[in-house]
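For the protein sequence lines, the chains are A and B, in the order given. With UniProt numbering applied, the first sequence closes on residue 245, and no number is skipped along the way. With UniProt numbering applied, the second sequence closes on residue 245, and no number is skipped along the way.
Mixed in with the good hints, there may be bad ones.
[Unchecked claim] Just a few of them, taken from the derived set where beta-carbon distance is under 7 Å, the chain A residues facing chain B:
1. 22
2. 49
3. 224
Bear in mind the hints are in silico, worked out from the structure with no lab data behind them. Glycine is no exception: its CB is placed at the ideal position from the N, C-alpha and C atoms.
Number of protein chains: 2
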Amino acid sequence: MNDSIQKMLAHASVRDFSDEKLSEEQVESLLLASQSGSTSHHVQAFSIIDVTDPELRQAFGEISHCGPYVEGAAKFYVFVADLYRMSTVLKAKGKDDSGLANNEALTVAMVDTAIAAQNMALASESMDLGICYIGGIRNDIAKSAELLKLPKYTVPLFGLCIGIPASRNGKKPRLPLTNQVSENSYDQAILTNVTGFDEEMRAYYASRGSNQKASDWSQQMADYMDHELRPDFTDFLKAQGFKLA
Amino acid sequence: MNDSIQKMLAHASVRDFSDEKLSEEQVESLLLASQSGSTSHHVQAFSIIDVTDPELRQAFGEISHCGPYVEGAAKFYVFVADLYRMSTVLKAKGKDDSGLANNEALTVAMVDTAIAAQNMALASESMDLGICYIGGIRNDIAKSAELLKLPKYTVPLFGLCIGIPASRNGKKPRLPLTNQVSENSYDQAILTNVTGFDEEMRAYYASRGSNQKASDWSQQMADYMDHELRPDFTDFLKAQGFKLA
């Protein structure tokens with residue numbers, strides 16, 4: 001395995017950063033890397049907001065319940081799934097922009113955005129920086145959008161903290177390959193049999209350095225997803241102009 | 001800039017593969033890399049279908065209009081945004097799974113899936129393999145799901161071709177950073193002023209090695225997105241159990 005892959009396999013989110021800033025060259029590398037991933041039909045349907053204002057950082061820290069690292073990271077970028085730029089292009093060409101409202105276009109934008117962010121994440125880790133995705137900006141997504149003055153056809157999908165790690169967590173186990181990879185069809189019996197992984201996670205939770213607990217993956221997931229998460233997300237998408245159904 | 005970032009910046013999709021297979025070690029590296037990215041709350045909401053059956057490859061080639069490379073790539077993986085595994089976990093714990101039907105859960109799954117795929121894409125390119133995303137499996141997404149026997153709460157998001165390049169395309173320009181990165185708020189005037197990029201793309205289209213044309217980015221985008229793409233996607237999502245509105 002080459003160095004790049006070894007670094008990918010060693011990934012663990014970093015939630016504790018030093019005060020050190022990134023160099024201008026590092027920042028430029030990260031931004032260029034984020035743009036270099038695949039993009040559906042060249043639409044490049046994302047934008048990045050570089051949040052430098054301390055009051056904005058604090059507000060995003062509160063929304064996400066991730067204050068210490070959202071405020072303390074050298075960089076906090078918000079990745080925006082962005083079809084607004086496309087709507088201005090369509091209008092400038094005298095075309096109707098209503099096709100941008102459908103679920104397919106929204107999905108294209110979300111996938112483009114996630115690909116861009118993961119390029120930036122891996123570029124960061126290739127320079128031994130630490131990263132943490134902040135999906136918690138969707139805890140109050142309307143507020144997140146308002147803070148950044150986001151227009152129609154945009155979705156603040158997640159934040160990304162980047163910085164020099166002050167401390168690092170251990171790597172968290174992943175599902176066995178047999179639970180995530182199937183040949184030619186979705187083999188329900190194998191892909192959903194997580195008994196082995198539950199045992200592995202039970203041992204992991206009992207023995208890790210901090211936040212030890214008696215639980216397993218199924219229990220954690222059942223406690224987390226047994227209700228509708230962020231139910232206001234749908235109304236937000238509609239308010240942004242998306243025609244969901 | 002380190003080697004990893006230089007390779008990211010050199011990315012261009014590959015659509016022409018040699019007949020060579022990947023080694024078992026390469027395949028294992030790719031799959032492990034795909035699992036090692038960030039995942040929202042550890043949900044790991046994706047599955048990967050390794051499409052090895054030639055008839056299935058042919059069917060996906062037809063659906064996507066990408067036959068030569070979908071059939072010819074050493075690997076063709078379909079990445080599935082997958083909340084079905086989660087529904088089995090919830091049911092096993094005696095919990096209600098209806099919260100999985102909302103747009104937030106679907107978004108979590110799509111982002112997890114794209115992060116996993118981009119890890120695999122970059123792991124491939126770190127080994128000098130070529131990749132191409134195949135969003136075109138959504139041209140007939142109900143058929144794509146049927147071919148793979150996908151259950152409720154799953155979405156075949158895209159395919160990923162991987163193999164040894166027989167030929168490589170040149171890198172396609174990306175928007176200037178000023179069009180994609182803004183500080184503290186969404187600056188509409190700057191983020192949507194694509195005049196300079198249109199000039200760059202006009203020169204690129206006129207001078208590239210193959211498929212030369214007199215066009216620019218705005219024109220290409222306007223011609224592509226002036227109508228609702230894949231309008232059956234919404235009905236498919238509903239049929240899979242998602243409550244969109």
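Problem - Satisfaction of the residue 49(A) interface hint, Cβ to chain B closer than 7 Å - result: With a minimum Cβ separation of about 6 Å from chain B (threshold 7 Å), the hint on residue 49(A) holds.
Handout entry: Status of the hint placing residue 22(A) at chain B (closest C-beta pair under 7 Å)
Key = Hint violated; residue 22(A) Cβ to chain B Cβ min 13 Å, cut 7 Å.
Exercise for the section: With chain B as the partner, please determine if residue 224(A) meets the hint condition of a C-beta pair closer than 7 Å. Expected result: holds (6 Å)
In the structure shown, a violation is registered for the earlier hint numbered 1 alone.
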